[in-house]
Amino acid sequence: MRRTLGVAVAVFALVAAACSSGGDSSSASAVDTTSHAPTTLKITGEWTGEECTKWQSIFPAFEQAYPWATVDAVCNVNDDKAIKQINAGNSPDVVMSFGVDNVGLFCDSGAWQDLNPFIQGGDGIDMSQFPEAALTYTTYNDEQCALPFMTDAFGLYYNTDLFDAAGLTEPPTTTDELVDYAKQLTTLNTDGSIEVAGFVPMSNYYCCAGTSVNMGYMFGANWLDDSGQAAFATDPGWAAMLQWQHDFIAEVYGNGDFQTGSDKLTAFVAGAGNEWNAQQDLGKGRVAMTIDGEWRNAFVPESLNYDTAPLPVAPGLENQYGGGTVGGTILALPKGSPHEAEAWLLLQWMATDTATLVQVANNINNVPTTNDSIASADLSLPPQFTTFMDVFQNPNSHWRPNTAIGLELATYIDAFIQKWQAGEAMDLQAGLQDAQDQTNDALAQAQI
Amino acid sequence: MLLFLSPWIVGFVLLTLAPMLASLYWSFTKYQLPGDPKWIGTLNYRFMFTKDPFFWVSVRNTIWIIVVGLPLRVVFGVITALLLTRKRRGVNLYRTAYFLPTMAPIVAATLAFVFLLNPEHGPINALLRSVGIDDPPLWFFSPQWSKPALVLLGLWGVGDAMIIFLAGFLDVPQHLYEAADIEGAGRWPKFLHVSLPMVSPVIFFEVVTGIIFGFQYFAQAYIVAFNTGREANVGDPQNSLLFYSVYLYRQGFQNFKMGYASAMAWVLLLVSMACTVLVLRGSKRWVHYQGGGFLK
Numbered sequence: 000m001r002r003t004l005g006v007a008v009a010v011f012a013l014v015a016a017a018c019s020s021g022g023d024s025s026s027a028s029a030v031d032t033t034s035h036a037p038t039t040l041k042i043t044g045e046w047t048g049e050e051c052t053k054w055q056s057i058f059p060a061f062e063q064a065y066p067w068a069t070v071d072a073v074c075n076v077n078d079d080k081a082i083k084q085i086n087a088g089n090s091p092d093v094v095m096s097f098g099v100d101n102v103g104l105f106c107d108s109g110a111w112q113d114l115n116p117f118i119q120g121g122d123g124i125d126m127s128q129f130p131e132a133a134l135t136y137t138t139y140n141d142e143q144c145a146l147p148f149m150t151d152a153f154g155l156y157y158n159t160d161l162f163d164a165a166g167l168t169e170p171p172t173t174t175d176e177l178v179d180y181a182k183q184l185t186t187l188n189t190d191g192s193i194e195v196a197g198f199v200p201m202s203n204y205y206c207c208a209g210t211s212v213n214m215g216y217m218f219g220a221n222w223l224d225d226s227g228q229a230a231f232a233t234d235p236g237w238a239a240m241l242q243w244q245h246d247f248i249a250e251v252y253g254n255g256d257f258q259t260g261s262d263k264l265t266a267f268v269a270g271a272g273n274e275w276n277a278q279q280d281l282g283k284g285r286v287a288m289t290i291d292g293e294w295r296n297a298f299v300p301e302s303l304n305y306d307t308a309p310l311p312v313a314p315g316l317e318n319q320y321g322g323g324t325v326g327g328t329i330l331a332l333p334k335g336s337p338h339e340a341e342a343w344l345l346l347q348w349m350a351t352d353t354a355t356l357v358q359v360a361n362n363i364n365n366v367p368t369t370n371d372s373i374a375s376a377d378l379s380l381p382p383q384f385t386t387f388m389d390v391f392q393n394p395n396s397h398w399r400p401n402t403a404i405g406l407e408l409a410t411y412i413d414a415f416i417q418k419w420q421a422g423e424a425m426d427l428q429a430g431l432q433d434a435q436d437q438t439n440d441a442l443a444q445a446q447i
Numbered sequence: 000m001l002l003f004l005s006p007w008i009v010g011f012v013l014l015t016l017a018p019m020l021a022s023l024y025w026s027f028t029k030y031q032l033p034g035d036p037k038w039i040g041t042l043n044y045r046f047m048f049t050k051d052p053f054f055w056v057s058v059r060n061t062i063w064i065i066v067v068g069l070p071l072r073v074v075f076g077v078i079t080a081l082l083l084t085r086k087r088r089g090v091n092l093y094r095t096a097y098f099l100p101t102m103a104p105i106v107a108a109t110l111a112f113v114f115l116l117n118p119e120h121g122p123i124n125a126l127l128r129s130v131g132i133d134d135p136p137l138w139f140f141s142p143q144w145s146k147p148a149l150v151l152l153g154l155w156g157v158g159d160a161m162i163i164f165l166a167g168f169l170d171v172p173q174h175l176y177e178a179a180d181i182e183g184a185g186r187w188p189k190f191l192h193v194s195l196p197m198v199s200p201v202i203f204f205e206v207v208t209g210i211i212f213g214f215q216y217f218a219q220a221y222i223v224a225f226n227t228g229r230e231a232n233v234g235d236p237q238n239s240l241l242f243y244s245v246y247l248y249r250q251g252f253q254n255f256k257m258g259y260a261s262a263m264a265w266v267l268l269l270v271s272m273a274c275t276v277l278v279l280r281g282s283k284r285w286v287h288y289q290g291g292g293f294l295k
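Going down the list, the sequences are from chains A and Y.
The first sequence begins at 0 in numbering that gives the first Met the number 0 and counts up by one.
The second sequence begins at 0 in numbering that gives the first Met the number 0 and counts up by one.
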């Protein structure tokens, strides 16, 4: 007999109720009081498979530096699982998270501790060793709730063979150029469908191509206004961005007709190759230019001739060219961390040890997160990777702002963008206003 | 007596009643994991009904899958069962073949359909193109076709309903058909006035469990979203697969709003109960019990 979901939720509720002792975070005054007694530090992380193994291989160096410590690194623990552990009073010592959007959420709820007392304590660290961009996604309301440990940076990948064939020598730097380039690089099949897309500005094309966070950067669109309210309708960047997307689709793929272009692109996106191997469209030559993270370098086939560049920006925002969106893996000290002082040593070692950061960057192809590691001569990354390290160090780079609603900040605008790009929403300003109002409702509810 | 009942009582109190009461309390709180619940009265419910746009999207999607998917499942199950009641060579093979999909794990079955219905590379669209349909559906990539694609998946796995309908049809007393024959009834009248009333309790069971299952519809939509889009956008394309339980999951385990998710769970429970009661009451008009129904 099937049970109702209500009962299932209730069963969960009991387990949570029985285990919700949590555990208060103790005072940060413990930073100087490591006893050096044999201690096993448990750290959870989200990497799986081969990346997990590579990540786990860094800890013998920590154990060598701190012979009294043993590290138990557990893989495949996402934020959902980690929060359950914290709520059950079974916190790991350190949490490594991919949930850059959850910093505000977990900081606000107290799931992650403010690291400032540790940073300023006896075993503290110099925060100037991190590029400024790293602080945009690890802080919330002046609380430093996480430290960066490798990051993702986003840029433009382009197929140089296709560029050469089209007589293009440099990557586009403005969104106007992006339209022109895309038109030149796009080829159609005999039935009118897209054979090679110059550029796909759809928000559901892989992880990152036309997402609100990346396109928002390109148009200088602010997520929040000065009072902390959503700014989708009030900041002209959003309307400019979506109007550009609309015109792009009509001009490049629809021969002037938006719906034709949108339908073609929807079919094209549906046929996209696997994102996590060489079958991804860039690797197959199915798309000429695309926005992606630095990790794409590790997936492109050796036969592909390609290069990378920062995100193009809208006319008038040329001074922002070179920057981009950045935000990636982070380290946090969870509420109820059993060995706070020792956990801090592990956390700050991971965040700042140059050799470790270089090792992980070389092995996993993520951007190392301190100035020293970025400048290290020991980095052995492809030349195309340099773009992403430059983007990370650019003072204009940032992620979307941290708020108490986490990823929900993007939920309503993303829902509208999906309708807009499919031609199912025609009133741009009304849609932006709705998304703004809905986001503000969510923000208000979080403040109760 | 109490001693023998105690394992069930303890299990019921600890694993059902207490959690239900806890979640009822949390539904009136702001409970952002892992913080402590904070009493906010009926705010979660008011927000749900008046300000949350996705709540109503999820309600509409859920009603669609029940109103469209369930009748098709019943009709398809009844027709299949009816065809398999006839004695003919290899009937057991056919029965096994129709039931086999039910044995497939839901994840594997859904992934198989994601592959089969891939608009560009899937064999279904290749077949459609080969018969002259140049613009076949985009299935899980289209908000118009995503739910029908899930209905297809449900019909493929209709064997569990088919098997109980089959048992019901085979259990119809032969003397009723003989009496109908004497009265000169043809195939259709016999089906309409003998077979169908006799299996109506089985159909009723399928309808009630189908409604409850429809309200809980989750796994297939979740798996489809994971394999055709981005994890953050579970419910895609364009929230067309944002069923009630999927949205409840999103609120509870992606946004970590356990108080709000508890309120949603209680609304789900109450609506499921109300629908079940309505169907129960309506069943007096169309469900025929050989023994006369409930004891008076």
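There may be inaccurate statements among the hints.
[What the hints assert, rightly or not] Taking lysine-lysine pairs in the DSBU-like style, the calculated list, with each CA pair at most 35 Å apart, reads:
no., chain 1, residue 1, chain 2, residue 2
1, Y, Lys86, Y, Lys189
2, A, Lys83, Y, Lys189
3, Y, Lys189, A, Lys418
[Unchecked claim] Counterexamples of contact, computed for chain A against chain Y with all Cβ distances above 12 Å:
no., residue
4, Asp225
5, Gly253
6, Ala266
7, Ser302
[What the hints assert, rightly or not] Have a look at the derived ranges for each label pair, beta carbon to beta carbon:
no., chain 1, residue 1, chain 2, residue 2, range
8, A, Ser302, Y, Val90, 27 to 37 Å
9, A, Gly284, Y, Val278, 47 to 57 Å
10, A, Asn188, Y, Arg88, 45 to 55 Å
11, A, Leu187, Y, Ser129, 17 to 27 Å
Rather than coming from a laboratory, the hints here were simulated on the basis of the structure.
No residue lacks a Cβ here, since even glycine has one placed at the ideal position from N, Cα and C.
Hints, one by one, checked against the model:
About 18 Å separates the Cα atoms of Lys86 of chain Y and Lys189 of chain Y, which keeps this hinted pair within 35 Å; it holds. Distance restraint check for Lys83 of chain A and Lys189 of chain Y: the Cα-Cα separation of roughly 58 Å exceeds the 35 Å cut-off, and the hinted pair is therefore not satisfied. Note on Lys189 of chain Y and Lys418 of chain A: the hinted pairing is violated, with a Cα-Cα distance of about 51 Å set against a maximum of 35 Å. Listed as outside the interface, Asp225 of chain A is consistent with that label: its C-beta sits roughly 24 Å from the nearest C-beta of chain Y, beyond the 12 Å cut-off.
With a minimum CB-CB distance of about 16 Å to chain Y, Gly253 of chain A clears the 12 Å threshold, and the non-interface call stands. A beta-carbon of chain Y comes within 12 Å of the beta-carbon of Ala266 of chain A; the shortest separation is about 6 Å. With a least beta-carbon separation of about 22 Å from chain Y, Ser302 of chain A lies farther than 12 Å from that chain, consistent with its non-interface assignment. Separated by about 56 Å at the C-beta atoms, Ser302 of chain A and Val90 of chain Y break the suggested range of 27 to 37 Å.
Restraint check, Gly284 of chain A to Val278 of chain Y: a C-beta distance of roughly 56 Å satisfies the suggested window 47 to 57 Å. Taken as a hint, the range 45 to 55 Å holds for the pair Asn188 of chain A and Arg88 of chain Y, whose Cβ atoms sit roughly 48 Å apart. With their beta carbons about 22 Å apart, Leu187 of chain A and Ser129 of chain Y fall inside the hinted range of 17 to 27 Å.
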